[in-house]
Each structure stands twice: as C-alpha cells, then as structure tokens.
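Asker: Listed here are the chains, written in short residue letters.
2 protein chains.
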Amino acid sequence: MRVAILGGTGDVGEGLALRFGRDTGHAVVVGSRDAERARAAAAAYRDRLADRGHETTMEGAVNAEAAGGADVVVLAVPPYHVGDTVASIADAVDEETVIVSPATGMKRDEDGFHYHRPGAGSVTRVAADAAPDGVPVVGCFHNLAAGRLADLDTDLGVDTLVLADDDDARETVTALAASVDGLRALDAGPIANAAEVESLTPLLINVGMANEGIHDPGVRFD
Amino acid sequence: MRVAILGGTGDVGEGLALRFGRDTGHAVVVGSRDAERARAAAAAYRDRLADRGHETTMEGAVNAEAAGGADVVVLAVPPYHVGDTVASIADAVDEETVIVSPATGMKRDEDGFHYHRPGAGSVTRVAADAAPDGVPVVGCFHNLAAGRLADLDTDLGVDTLVLADDDDARETVTALAASVDGLRALDAGPIANAAEVESLTPLLINVGMANEGIHDPGVRFD
Chain A
32 MRVAILGGTG DVGEGLALRF GRDTGHAVVV GSRDAERARA AAAAYRDRLA
82 DRGHETTMEG AVNAEAAGGA DVVVLAVPPY HVGDTVASIA DAVDEETVIV
132 SPATGMKRDE DGFHYHRPGA GSVTRVAADA APDGVPVVGC FHNLAAGRLA
182 DLDTDLGVDT LVLADDDDAR ETVTALAASV DGLRALDAGP IANAAEVESL
232 TPLLINVGMA NEGIHDPGVR FD
Chain B
32 MRVAILGGTG DVGEGLALRF GRDTGHAVVV GSRDAERARA AAAAYRDRLA
82 DRGHETTMEG AVNAEAAGGA DVVVLAVPPY HVGDTVASIA DAVDEETVIV
132 SPATGMKRDE DGFHYHRPGA GSVTRVAADA APDGVPVVGC FHNLAAGRLA
182 DLDTDLGVDT LVLADDDDAR ETVTALAASV DGLRALDAGP IANAAEVESL
232 TPLLINVGMA NEGIHDPGVR FD
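Protein sequences appear in the order of chains A and B. Quick note: the first sequence, position 10, residue 41 per this note's numbering, numbers continuous. Quick note: the second sequence, position 76, residue 107 per this note's numbering, numbers continuous.
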C-alpha cells in the first residue's frame, strides 16, 4: 500500500512517517506545500530509519503529487488548513483513495488547552465535507503526542480511535493503525462522534502538563 | 472523614458508596430526596458489604441532612439536577465542606452519545456557580462506568481526573479518590478545563458500544 502524509514535514507528520516507515512495510510519501522541503524531510526520515537498520521506501513530493496514486492520504496539517488541503488534492484522489483526518482544533488560555469545535461539528467533519463526492474520509490518529510518536525509542502502548461512515475505508485505516507497533485501533463509531475524540487531545495535553511523571500521555481504554 | 453521596440511590451513587465503604474507611452517608429511599439504599449497601466481610458505617438521610456535617458532598445526581441539588443543601454546607461534581451532560442520537455542554461551560461549572460563596467545588469521578463501579468483583484499574480551583479542596478529593482501590487520581487543572473531562464520558460509552471485548471501559493516561 502507498500512504501519503500531507504536512509530513510537521511534527505529527514526522512521527507518523517514521512509525509507518519502520513498522508497516507500506511505501510512504511525505507531502508538503513545498516540494523541496518534502524531499528533504523524506530523506532525513529515511536516513534516521536507515541508521536504525530499517531500509524504507520514503519519497517526498508536493501535496497533490503525494496524494496522487496513494491508497491512503493522511492530512497531518493544522486544523485551519484541512479544508484547503483537501481542496488542493481534489483532482488527485478518487473513490479508491481513503483520506484520514488526525487534526483537532485547540485554543490555549491561562487555564490550559481547550477544544475549539468548528462550526461543522468537528475537524474530521470539515475534512469529510471538503472531500470530493464518493471519496471516503476517516478520522484517526487524533490523540497521539507528536513527541512520543517521533521518538522511536519509546513504545507507544496507546489506543487510537477510528471514526468512519464507510466500512471499507474504516477497515483500511484500522489495519494501517494496528500495523504500527504498540498502537491499538478501536472503533469510536461514525464521523458524527468525532468531536468527543478530538476533544480528548487538549485534555491529554492538560494532563501531561499538570502531572509529574506523565509526559506526552496517550490514552488506553480498558 | 464523613462523605455524603447525594443521589446515592442512583447507579453512580451506588458504585461510589460501595467503593468508598469498602476501601476508604470513611463514614458514608447516602443522600436522596426521599429519606426512606436513602435509608433503604444505605442498608442494602451495608448488607452487601457485610456479606463480603466488610463492616461499614453507612447511613441514609434526605440530601440536606446528609450534607450537614459531611466533609465531602458528592453530587451523584443527573446533570439537570446539579443546580437544584446544590441550592437545596446551601444552608447545610460551609467553607469547610468540599462539594464534588461527577455529572456530565449527554445526549444520545442514532450515532452514539454526545457531550451536551451547558451554557455555563461545563456541569462542574454549573455546580461551582450554584455553590454558596466560599464553598469549594471540585470535579472528579466523571469517567467511571456505573456498572463497573458497582461490581465489587471488578478491579477498577482506571484513572479519574480532578478539576479544582482551590488547592486544599483538590488535595482532599485527590486523597479520597486515590484511597479507592485501583483508582488513580490525576490533576486535570482548574474547573475551566472541565468540559474536556466531561466530554470523555460519552466517548467512553461509544467505545464500549462499538468494540467487542471492551465493556464499561475506563481510561488510563500513560
């Protein structure tokens, strides 16, 4: 399978690219609005994995080119760029492509981080609304701390929640997530349930900031 | 310490009364709007604990009477009764009493459970706004499945999050929560952060409904 990570030069994109590259056997394409930055990031990730003995297929390309030919396209971009990014790849995806939305809207104030719910209901819904007709969108990878994800010496040992309205797309993304070592993929229902999943991200940051000994926490449902 | 559980005849109240009675050594008072129901529930809980070899001090009383003389008053009532319940005990509490709010607002539709955020910002904030001046309110015990809580054969093995604006009150409730076997109390910051904590409750229900082998889930932050 071919997995494109748009915004793959950012911190969540970096962690996903490294984990997918190391654990899944899928070809990874790092996407960016700037082709040169995308290629540089892909080369750097490939080198980091090679240093650890993992030979990977990792390329870089401008977002629309990265999305073209990908089976799964992950929108590892800030929430306010989700709509634009989906629009920018509209001609490169089709009904066989699964778009994955991991972003969450947050605001910080003096008390902590808070969920900033978009008018559409959730960021995952924003992505779904922006996607061309028939192209399925799945919410996943929302609650993973970027630092922990990118630190390959750290076992994840956490859950990620999958939100989907399309059964085949859900299955594809669940399998992708579950192929990452230490990541368990759980079903959180349809995209209509995304706000509660996205809302968990600021909570995790608050818990990480307030408790000694809990750094970059993830969550487990048991 | 004396802990009153208002709405102690309900399912969350039942679980908290049984766990506090078994694990903490505190005197527990089961409160209800109806004194007779409160006394019957307290007797039933006391018998269940006695059957398991735990002799406990567990009484029942009408809510205001239960709250009088309690060090901690837990509002184990539905979210839409939180304001009324606090008003009904206003004369029975003082600055030495800590009020604890575990309720969360939810709505169910065909997709799942969703957080129904009160205009005040959170149910914990509703409780804090309703409390008499100087009486501290703490958010805690939001994300505990009632069925699991009341099943004393089940190890909890989960976290609960503490929200407080008052350091002493936070410390009292953190110690109470941590004295329940298998419950870890984590700091989630001030009450301003309560919406994200309350929002986790419908998510847990959705995850429990959607995944085989996950029943009455709790959450762990690691």
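The hints are simulated quantities; they were obtained by calculation from the structure and are not laboratory data. Bear in mind the structure is a predicted one, so any value in this text is a computation, not a measurement. In this text, a Cβ means the ideal position worked out from N, Cα and C, and glycines have one as well. It is possible that part of the hints are untrue.
[To be verified] To spell it out: a stretch of chain B is covered by chain A in this simulated footprint if at least three of its residues, at any positions, have a beta carbon under 8 Å from a beta carbon of chain A; those stretches are: (1) 117-125; (2) 182-195; (3) 227-236.
[Claimed, not checked] Computed spacing ranges between beta-carbons, pair by pair: (4) B:Gly-150 <-> A:Asp-142: 42 to 50 Å; (5) B:Asp-125 <-> A:Tyr-111: 33 to 41 Å; (6) B:Asp-125 <-> A:Met-240: 54 to 62 Å; (7) B:Ala-66 <-> A:Gly-213: 27 to 35 Å; (8) A:Glu-127 <-> B:Asp-186: 43 to 51 Å; (9) A:Asp-184 <-> B:Asp-54: 34 to 42 Å; (10) B:Glu-141 <-> A:Asp-82: 21 to 29 Å.
Asker: If a hint holds in the structure, say so; if it doesn't, say that too.
Answerer: Taking the hints in turn, this is what the structure says about them:
Here the stretch 117-125 of chain B counts 0 residues with a CB under 8 Å from a CB of chain A, which misses the bar of 3, and the coverage is violated. With 3 residues having a beta carbon nearer than 8 Å to a beta carbon of chain A, the stretch 182-195 of chain B meets the requirement of three or more and the stated coverage holds. With 7 residues bearing a CB less than 8 Å from a CB of chain A, the stretch 227-236 of chain B meets the requirement of three and the coverage assertion stands. One distance hint, 42 to 50 Å for the beta-carbon pair B:Gly-150 and A:Asp-142, is violated here, with the actual separation near 18 Å.
Separated by about 48 Å at the C-beta atoms, B:Asp-125 and A:Tyr-111 break the suggested range of 33 to 41 Å. At roughly 33 Å, the beta carbons of B:Asp-125 and A:Met-240 sit outside the given window of 54 to 62 Å. For the pair B:Ala-66 and A:Gly-213, the beta carbons lie near 53 Å from each other, so the given range of 27 to 35 Å is not met. Hint check: A:Glu-127 to B:Asp-186, Cβ distance near 46 Å, so the stated range 43 to 51 Å holds.
A beta carbon spacing of about 38 Å between A:Asp-184 and B:Asp-54 agrees with the range 34 to 42 Å that was offered as a hint. Checked against the given bound of 21 to 29 Å, the beta carbons of B:Glu-141 and A:Asp-82, roughly 50 Å apart, lie outside it.
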